[in-house]
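Line order of the protein sequences matches chains U and V.
The first sequence runs -9 to 320 under this note's numbering.
The second sequence runs 24 to 867 under this note's numbering.
One should not assume that every hint holds.
Unchecked claim - Cut-off 30 Å, straight-line C-alpha distance, at most; resulting in silico cross-link-like pairs (DSSO-like, lysine-lysine):
#1 V:Lys446 with V:Lys292
#2 V:Lys499 with U:Lys284
#3 V:Lys125 with V:Lys677
#4 V:Lys125 with V:Lys292
#5 V:Lys125 with U:Lys131
#6 V:Lys118 with V:Lys75
#7 V:Lys332 with V:Lys292
#8 U:Lys131 with V:Lys499
#9 V:Lys75 with V:Lys331
#10 U:Lys(-4) with U:Lys69
#11 U:Lys(-4) with V:Lys677
#12 U:Lys131 with V:Lys677
#13 U:Lys69 with U:Lys284
#14 U:Lys131 with U:Lys212
#15 U:Lys131 with U:Lys216
Hints are computed from structural coordinates only; laboratory data are not their basis.
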Amino acid sequence: MKANPKVVLGMPAYNRPDALAQSLESLLSQAYTDFSLVVVHDGPSTEVAAIVETYAREYPRISYQENETRLGMVGNWRKVFERARELYPRSQYFAWVGDHDLWHPRWLHELVLVLDRQPDVIVAYAENLLMMTDNAKITDKVFDTFGVTSRAERLRLSARYMLSGDMIYGLMRANALEAAGVFRHVVTPDRQVLLALSLFGQTRQVPEVLWYREVLRVFDLKRQRKVFFPDGAPLYTYVSSHVQHCATLLWDFAVQGRGRPAFGRLAAVRYAAIQLWASFVRDVVAQARTVRMKSTNHRFGRWLWSFLPTGADVRSARRHASGHVDVPHA
Amino acid sequence: MRVLFFMRSSVYTRNFESTLRLLAERGHEVHVVADAHPYFDPANLIGQLSAKYPGIMHSEAPDRPVNGWSLLGVELRRALDYLRYLEPDYGDAPKLRRRALKTAPAFLIRVLERRFVNTTVGRRLLARLIRCCDRALPRDGAVDAFIREHQPDLVLVTPLVEPGSPQSDFVRSARAQGIRTGLCVYSWDNLTNKGLIHDSLDVVTVWNEPMKQETVGLHRVPAERVVVTGAVAYDHWFTWTPRAARDAFCAHVGLDTRRPYILYLCSSKFIAPDEAPFVRRWVEDLRARSATLRDAGILVRLHPQNVKKWHEADVNDLENVVIWPRGGENPVDDDSRADYYDSIYHSAAVVGVNTSAQIESAIVGRSVYTLLAPEFRETQEGTLHFRHLREVSEGLLQVASTIEEHVAQLEDGLRHPEANAGKCRRFVEAFVRPHGIEEAATPRLVAALEEAAARGRVRPDRGPWWRVLARPALGKAAASLAEASRTGKRHLSGSRHRKRDNASLAPAVASATGAGQASTSGLFEHYLRVRSCVRGLRPPEPSSGSLTPPERRMLSTLDGLWDATPESVAALRRYGEAITGVRASDYDGSDTAIRERLARDLRMLLAKGYPALRIDEPAVLGAFGINGSGHLYNEDTLRFFRVLTLLQDAALLKEFRGSSSRRTVWEIGGGWGGFAYQFKTLCPDVTYLITGQPELLLLSGVYLSTVLPGASFRFYESANPNAFWRNWDSVDFAFLPESAIAGMRPPAVDLTVDLMALERMTPSRIGLHVQRAHELGSRYFFSVCPLAEPPPDIASPVRPAVERWYWPHPVSAPSFVSWRLRLRRETWGPVERTFLLGWRRLRA
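Start from the sequences and build out the full structure, keeping to the hints where you can.
So, in structure tokens, the structure goes:
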């Protein structure tokens, strides 16, 4: 086991012995090898322990721990990160990995490449294939804030467009994650972490499907409260998640001033307001999109919408925006 | 005179060094605006010039935030650029069309799909409409301010004709302020190979009369505004003298000083993406065919922007052949220029595919030769600028269509080095120095610029009056593009992808390769050569006991190959029926059902958005299929295309296409060689190992050596098995009999492919193949066929054997494609279950 790997992968595991071996093998087959894997199972499990230890004997980069009592999803995610920092305090990058997902062998290599080459990027993540019970589909969304130097603009874009469920499994700079605060006790805590992270740096999406994500059920706030808070959800979790996130941003950065020296308390108030506004706009636009989807059931609606730019237009524009430099060749 | 000269990057300074010097010497102020390009311009030429001449200043391009108008302008101009390549002038330029398609905006492709639009009249009307939209766009305020701040008398741009012409913004801002504008055409291929001139200019300087005709004919610039100056980029070539004596130079580079040498000048990446195998084959051919040339040395000089592919090239085994400088060199400083000049000056003859260096050689007076190679057909005869080298003043090149003709020309050239001096001189007089060989081009260019500036200000052109009416509609598109450039959503709906599909169908690119024009006797030679290598792999006694009935049936059909006639070799492709079941007779035109089905399958495949993965059936060896829009394809072609898209979906192809290290692909069986051809065409930096029965090796070997004549082939020899694995990276295709699989030991295997070969085998042989793949470290195993419940005539299931050693892995194909396309001819089972991608198990 390397004492100071560059990357630590944290796997918060919970009762998936059926998928664990394949998940571990796909991580151990990564082309990029300077990493350690920290597995924390949320509760005692002889079956999971046996699987992990089988691999740990052969691959010392794996470490395994079980929680004595169940911490819930938020608690276990925090625990994994804390354990990773405790074991490898000098590691530079960190990523959470699921105990049932799969990764392409180039996944880590491509993400490390982004963070190594782009000092302003603090989260790099790949496109993914959603593996559902009956079929599989590619997530068709694009989001990154690469090149956006304004904190406020990054936060606005993140609040409006970010794909928190994908990005939270990206590779992050560990020190930035520490500064932003790891998984608060709120609903959709992944979104909260990423909003806070957007204040510290940029996000970059690797435009390749390198992560195969198992999705067994759709997003459900009720279930989230149950899984995140095994001892019962606090009352504030019934308030809008945007308000909860706004409050955490205010508390962390405006009251406690944890954003300094990067930004001060007053700026933090502005950022929290931007987050709140942009998040509500996001919800309104999502509703409008639903209307649009319904309208395209009609021929006239389809004709009307055909005048708006398509995904291909977007890609073409992005190619241009990326500053392609041509050189003479004859 | 105050000149503001916008260049795309500092690399472009190279061709205008003398112009900048002369302008400064005549007391003019020149401000060059160019972003630094440290890689291709490490010497920072413009920095040196501005240090030496107080009149020359330099700065980077103005900082321009990306805005929607600018994006929209580029998109509209890209559309116009692409429409240009659909004109009949480019009918024989498929590679140029494909390159233009890559930058064509998606909206144009969708529009072209509509009925009547993709006709001559439709395209003209569409171009007019797009041009109107482009003219109505507002200018960039940052550029306006930048130009106003510098108060120039003349604004120059180069190269301007990039796709989408981002430099148009500079021209428009200048014209809006009443400032004269000019384009100094960068090089001799710019007017035919790139985009259009979209704006009105006061002066366009070109090298010669043929380029003037291009400017007027292709770019619609009024003839009176085009000034023929000569090639300023080459003025210094007329004054240079060699720095080193011949013997000293030869000794320095490592050539035999006693023998003459031929200089091979490599071409750019676009012209010759992978030139190393061609050069090796060319050297071997020269030496095998001529005693005169066997003694001659060969100096290979790399193109400075196409060096990467040569990193692995090794010519140490070729006597008196040198690659120099090994890492390539851009002749921008005194030393590198002297090296370059000396290498041409001391050579006995110069050979190249299609490069500016051939013109430079003509200036020095060296005879220039070229061989019309099949692999470069699209970038020699398929480019308009190559015609200049062949046709201007009867041409500069000694062109040969066959290697025999080329050898004869070179022998003659070595015997009489001065014989072609007159031809070179005539070309130079017409193309490089049209005003007389003694008259330099730079003063003429500077005079043309002075004259343009002296005409004073023009009436400001702020765009058409109706621009304000059009802008609200255009503004919406611009705002969407601006927002989309930051965030966006990829739509994978079928309808949108159908549109993408036709994008790829748009360019009617002929698929016939040079190999397709090979003579029957040439094909038979390939066959005889391969047969002599494979014959030794046949077992002394037929061991039919281990073969399954389907295999015996297949091999008995192929048995006739051992004694094939030239006619049957010319129709070799038809033997493929025994392997894949695809019959040539199905494509004789009577069966419309198959045509419709394949057309639908092709649309679906193209809809996935990987048109670049489509490789047509080479029109050779009795190829058959549907000839649609210049593409020849049949069921096999689509099946292989489908496999490639699956590998792309699985994010595997990138490793093989863009890797810096050589990869090995093992195809079990090899079929008739069709998939190997497609894969190798897409991923040239791969050693492709084929194992199977000798009959299959003979079939695929003949096919591949015919369609890829430049590739290197290796056949297993049981008498010397170790030799098979030596210098593995230099081999393109390696053929190994199945009997030797147990002892095979390639350096690595990265991907194992089974295209319905395993399904014919016995369980023990299936197990052996999959286990060997796992033992050799093959990270991926791709198999077409692994049905859980095969029909009775199929020997055994493959899936359990693969799953024992490999994890079945999902492939990220959009479901609408997965469900409708078939990999097999038979219709049993959902499509997803007809292939399996396995990732290697760590604990099998």
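Can you confirm whether the C-alpha distance between Lys131 of chain U and Lys499 of chain V stays at or below 30 Å? 22 Å, holds
Given pair status - Lys677 of chain V, Lys131 of chain U, alpha carbons within 30 Å: 21 Å, holds
Mind checking the alpha carbons of Lys131 of chain U and Lys216 of chain U for me, to see if they're no more than 30 Å apart? 28 Å, holds
Does Lys292 of chain V sit within 30 Å of Lys446 of chain V, going by the straight-line distance between their CA atoms? 28 Å, holds
Next pair to validate is Lys125 of chain V with Lys131 of chain U; report whether the Cα-Cα distance is within 30 Å. 22 Å, holds
Holds or violated: Lys75 of chain V to Lys331 of chain V, with C-alpha atoms at most 30 Å apart: 34 Å, violated
Within a Cα-Cα threshold of 30 Å, do Lys131 of chain U and Lys212 of chain U meet the stated pairing? 25 Å, holds
Do the alpha carbons of Lys499 of chain V and Lys284 of chain U lie within 30 Å of each other, as the hint requires? 23 Å, holds
Given the hint that Lys332 of chain V pairs with Lys292 of chain V, test it: the Cα-Cα distance must not exceed 30 Å. 9 Å, holds
Pairwise hint evaluation, Lys284 of chain U against Lys69 of chain U, where the allowed Cα distance is 30 Å at most: 44 Å, violated
Would the pair Lys118 of chain V and Lys75 of chain V pass a check requiring their Cα atoms to be no farther apart than 30 Å? Answer violated: Lys118 of chain V to Lys75 of chain V is near 43 Å, above 30 Å.
Do the alpha carbons of Lys(-4) of chain U and Lys677 of chain V lie within 30 Å of each other, as the hint requires? At roughly 25 Å apart (the allowed maximum being 30 Å), Lys677 of chain V and Lys(-4) of chain U satisfy the hint.
Consistency note: the structure conflicts with the earlier hints numbered 6, 9, 13.
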